[in-house]
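Colleague: Each chain, letter by letter, is given below.
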Amino acid sequence: MSTELQSFIQKYDLLGCIQCGKCTGGCPVTVRTNLNVRRIVYDTLDQDMLDELAKLPEIWDCTACNTCTVRCPKGLKPAEILIGLRNILVESGEIQPTVRDALESVFLEGNPWDKPRATRSDWMQDLEVKIVEPGEKVKNLIFVCCTIAYDPRVQAIAQSFVKVLNKAGVDYGFMGNKETCCSSEVHNLGEEGLFEMEIEDNTELLNSYDAERIVAISPHCYDAFKNQYPDLKAEVIHYTQLLKELLEENKLEITGELPQKIVYHDPCFLGKQNDVFDEPRYILNHIPEAEIVEFERNRERSLCCEGGGGRMWAETESLGERLAEVRVRDAKELGVSLLAVACPFCILTLDDAIKAKGFEEEMRVVDILEIIVDLI
Amino acid sequence: MNNKPKIGVYVCHCGINIAKTVDVDAVAEFASHLPNVKVSREYSYMCSDPGQLLIKEDIKNEGLNRVVVASCSPRMHELTFRKTLAEAELNPYYLEMANIREQCSWVHEDREKATEKAKKLVAAAVYKARLLEPLQENEVGVEPATLIIGGGIAGIQAALDIANAGFKVYLVEKTPSVGGRMSQLDKTFPTLDCSACILTPKMVDVGSHPNIELLTYSEVEDISGYIGNFDIKVRKKARYVDMDKCTGCGICAEECRLTGRISSEYEVGMGNRAAIYLPFPQAVPAKYTIDPERCLFLTRGKCGKSPKCVDACAPGAIDFEQKDEIVEFKVGAIIVATGFDVFDASRKPEFGYNDYENVITSLELERLVAASGPTEGNIIIGKGRKGEKKKKKDRETFTPKEIAFISCVGSRDETVGNEYCSRVCCMYTAKLAHLLLEKIPDANVRVYYMDVRAFGKGFEEFYDRVRREGVRYIRGNPSEVFKRGDKLVIKAENTLTSTPIEDEVDLVVLAVGLEPRQDAREVIDLLRLSQSGDRFFMEAHPKLAPVDTATDGVFLAGCSQGPKDIPDTVAQAKGAASSALGPLSSGKVMIQAQIAHVDEATCRGCGFCVETCPYTAIELVTVNRVGHMVSVAKVNEALCKGCGACTAACLSGSIQQRSFMDEQILPQIAVLGGM
Ligand SMILES: Cc1cc2nc3c(=O)[nH]c(=O)nc-3n(C[C@H](O)[C@H](O)[C@H](O)COP(=O)(O)OP(=O)(O)OC[C@H]3O[C@@H](n4cnc5c(N)ncnc54)[C@H](O)[C@@H]3O)c2cc1C
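Going down the list, the sequences are from chains F and Y.
Position 318 of the first sequence, counted from 1, bears residue number 314 in the numbering used here, the numbering being contiguous throughout.
Just so we're on the same page, the numbering used here is the position in the second sequence counted from 1, plus 316.
In isolation and in its complexed conformation, chain F is listed as follows (with noise of 0.2 Å):
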């Protein structure tokens, strides 16, 4: 065995797998693209299939719900072996303009979306907010996310969330424009090299600031704080359990009613990886004259939108219905007027498979916070 190929192996535990199929059971991208990947992990053990491997299209439709990781009986990491695969490829240098585009601006300007760095804060124009420098004391310093920052659809998210903290009367930080991208998206797009990098630089940058908590508002920033990020000081939480806390500890009350019919789709970052289940349907279900309903495939076995690992970048050539729309019929079938989230990727994909079936005049996917902002 050549070294490369046994850490290989030995990196993902390759030998533990006993091909037993429950990764590819689970994906739920297997209805539309050719992905197998307990085919894959069986043919990883061939050291000399690696870049062959490495070049098939479809191991860039892996979405990262890492619903087989989160399911291996043997503890294997399948999700993290496409990564790897990735990673081959980045290394050779043959992705595609998109993806290196995305890791080129991360790396010169801290966010995947090309823009300047300079204007990651003009989302809070005509807003109060309080910005916190390094080294001063806070106690929940909050990480707005890259893709929260930029795009204009979901900006308003974190918006909703300054009104919120402000309304609360909660002690609390933004980091203005020293925030940098987590490198969730970096990590699923295979490039190790810089993810290691960001990781660093991130971990002293947020060292530096004397906060008790950091309150990431998407859940992908959330779920590298917590589980890529080793030696972070302050203890990371999704904003969703913050807000479950204030309104436990009644500073925060929901009074505005809102007589609709809301389901709630679980993003695959923080429930099925991080457990965090609860947390947003007990806000949800805070609110007055709102009916709460559920999809059939709920928390656990909830359908992911195909919206991370990468897949915002990474061109796929895919059959069959995607994802998001199935899940905006089944919405739609539910007779919900608002499909709730709590993670911007999810917005922006169901938000374009309500557009592409047309469904615009009967629902519309927000965050859970653009729904309590008003009912505050």
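There may be inaccurate statements among the hints.
[To be verified] With a cut-off of at most 16 Å between alpha-carbon atoms, the simulated EDC-like pairs for lysine to aspartate or glutamate come out as follows:
1) Y/Lys799 <-> F/Glu290
2) F/Lys70 <-> F/Asp9
3) F/Lys70 <-> Y/Glu730
4) Y/Lys799 <-> F/Asp326
5) Y/Lys717 <-> Y/Asp819
6) Y/Lys799 <-> F/Glu329
7) F/Lys328 <-> F/Glu358
8) F/Lys70 <-> Y/Asp819
9) F/Lys70 <-> Y/Glu735
10) Y/Lys799 <-> F/Glu296
11) Y/Lys803 <-> Y/Asp671
12) F/Lys126 <-> F/Asp167
[Said to hold, decoys possible] Here are some of the chain F residues that sit facing chain Y, going by a computed Cβ distance under 8 Å:
13) Ile14
14) Gly22
15) Arg28
16) Asn32
17) Arg34
18) Glu292
[To be verified] Distance windows between CB atoms, simulated:
19) Y/Leu812 <-> F/Asn246: 55 to 65 Å
20) Y/Val423 <-> F/Met45: 31 to 41 Å
21) F/Gly71 <-> Y/Ile840: 24 to 34 Å
22) F/Gln43 <-> Y/Thr932: 21 to 31 Å
23) Y/Asp558 <-> F/Gly71: 47 to 57 Å
24) Y/Gly786 <-> F/Gly71: 28 to 38 Å
25) Y/Lys549 <-> F/Gly71: 40 to 50 Å
26) Y/Leu812 <-> F/Gln224: 31 to 41 Å
27) Y/Asp767 <-> F/Val27: 23 to 33 Å
28) Y/Leu967 <-> F/Lys126: 54 to 64 Å
Think of the hints as simulated: they come from the structure by calculation, not from any bench.
The C-beta atom is built at its ideal place from N, Cα and C for all residues, glycine as well.
With chain F's structure known, arrange chain Y with the ligand on it following the hints.
Modeller: Same frame as chain F, but now just chain Y with the ligand:
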């Protein structure tokens, strides 16, 4: 005897186990020059008869009075060589072993260095051997009775074997009846014997055997003492029914206001019972019990004008004044046969067990296929506990046509902390699949599996038969179950064709694994049992002492030690019974000689040793020390296992372990320190 040490050193080759890495000739030669060494030899297998004979003859001919055997771990052969010494009429505690196999040849590669290390180990043993003292083993009598905890098939079989050998058995069962899980099964693999037909006679025997005292609805509260002499305290919970008066007629249950309204434990939620109940028709004893948590009279002090059971019971057996009763007795041996729990399927939420009434466990299916079960053996889904949750209009029942089993639910699965194979699920799945086809001939039954483990006698043959009957085996471990329309969808991959599938079915049966009981801690605490990595009770040795535990006189049987089928459970129960019969029939046991003892003159009575002792063998007593009443530690020699924990804890060095006294081990350590 002239006690100037005359030591014989015997260096073992252990075939090539030692000789390959250690120059045994050189070690023996080296040892011959050590102080007090009279003879030094090497031999291919010291544990063999000729090897032992070498020692015996040297003792006789050379007048040896100490023996050092350099071979394997003392765990392996210390007893063997102690016997050798005794046979040559030398006190067996004049033996010292140097472990040059596990601690040397097996863990090193460099022959030269390994040889040097072996020499050190042998020298250290020789230095200690010079200072060994003879020890006497004590004999204690054995109470000719056995306590068996758990009345499943394991406990039943062990009880019958011991009782038939003429000894008294106290069989303690937590629930109102003996029988355990086997009583819930319909047919049993691989022969398809009817479970009740083969179990009921044994249950009846246990209930009527003159040597067996059956204590059902009872729990052991306290155990103290040691092999041969355990003191037992059992709580007989109040049944609120006079056992002598109850005839088991069952009219009370029919009359009970809660008849059919309480989920039956025996029917695992598939059927209901009353607040006064017999767990199942063949229960032994055939006496009713009132559920104190559900009975209206016991929970609210009122049940209509007067409790209907009281009115209905002609012999007047109902007694709401009954209290728990404490029973105390002595036994010489204990067998633990507390069985298992089935894996709780709600811990794998992806299978929708909590969400869908047509996702059921294998044990629930056992009750559905059983002629004595809540549906009289008809496969009707949508009744019972799960049906209750449904809205009325959906509560219709149906007979499933498309049926899938999912194997290994809760077994071989690190996500739920169970790495082990549960050993019975492949076969009970085959059995249940067969029974389903028998009951619903036009059903399509498939089994999703990772591997089929058909290792037992007749198992592979049975698996072959079931496949040929038309049960389809699909290789793939499903990931998820969800509902689409009125069908359940199993999301899986057929790994043999690399095809992802969404299989639409009417019924999903989860082949749940076997787990240690949730309440196993109670028994662990009573008996200080150890658990192996799988959390089942640990045997003393995985191969050579499979029914023994670390505590002498305490044995294991059945699934409490690990998942197993009925044939293995019965075999192990018979093993445990025969092991318990050893001390019972010999009437005496020898107890440890290498135990702790206290120097009362220096002991300060601080009690650290008392806290440290894992066997509660030490207590503080008051003694008169030159006119002052002082507290000192005292060792119960029968309880002490010679683990040495107290000697390490003792601040003043007053508590010492025989054969491991400071003055004996310090020279030994000094030799090793000079490495
Ligand atoms: C669905 C299913 C189907 C099966 N089918 C088959 C089959 O077809 N053929 C086959 O060979 N095997 C089969 N088995 C396996 C079989 O059930 C076991 O081998 C057998 O039940 C083990 O018996 P046991 O006495 O060790 O444990 P159990 O049957 O669990 O009995 C233990 C008893 O101890 C009692 N107890 C527990 N704790 C205490 C305590 N602290 N104090 C007092 N009493 C206590 C319990 O109440 C119980 O009565 C099946 C198992 C399952 C789950």
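Colleague: State, for the Cβ atoms of Y/Gly786 and F/Gly71, whether the hinted interval 28 to 38 Å holds or is violated.
Modeller: holds (36 Å)
Colleague: Would you check the hint for F/Lys126 and F/Asp167, treating anything up to 16 Å between C-alpha atoms as holding?
Modeller: Holds, because 9 Å separates the two Cα atoms, which is no more than 16 Å.
Colleague: Measuring from beta carbon to beta carbon, are Y/Lys549 and F/Gly71 in 40 to 50 Å?
Modeller: Since Y/Lys549 and F/Gly71 have Cβ atoms about 44 Å apart, the given range 40 to 50 Å holds.
Colleague: Given the range 31 to 41 Å, decide if the beta-carbon distance of Y/Leu812 to F/Gln224 lies inside it.
Modeller: At 36 Å between Cβs, range holds.
Colleague: Hint says 47 to 57 Å; check whether the CB-CB distance for Y/Asp558 and F/Gly71 agrees.
Modeller: holds (55 Å)
Colleague: Honestly, do Y/Leu967 and F/Lys126 meet the 54 to 64 Å range at C-beta?
Modeller: holds (59 Å)
Colleague: Mind checking the alpha carbons of F/Lys70 and Y/Glu735 for me, to see if they're no more than 16 Å apart?
Modeller: holds (8 Å)
Colleague: Would the hint on F/Asn32 stand, with a C-beta cut-off of 8 Å toward chain Y?
Modeller: holds (6 Å)
Colleague: Would you mind confirming whether the straight-line C-alpha gap from Y/Lys799 to F/Asp326 stays at or under 16 Å?
Modeller: holds (12 Å)
Colleague: Quickly compare the C-alpha distance for Y/Lys799 and F/Glu290 to 16 Å and report which way the hint goes.
Modeller: Judged against 16 Å, a Cα distance of about 13 Å means the pair holds.
Colleague: Holds or violated: are the alpha carbons of Y/Lys803 and Y/Asp671 at most 16 Å from each other?
Modeller: holds (13 Å)
Colleague: Does 31 to 41 Å hold as the CB distance between Y/Val423 and F/Met45, or does it fail?
Modeller: Cβ of Y/Val423 to Cβ of F/Met45: about 38 Å, so the range 31 to 41 Å holds.
Checked against the numbered hints listed earlier, the structure breaks hints 8, 15, 22; every other hint is satisfied.
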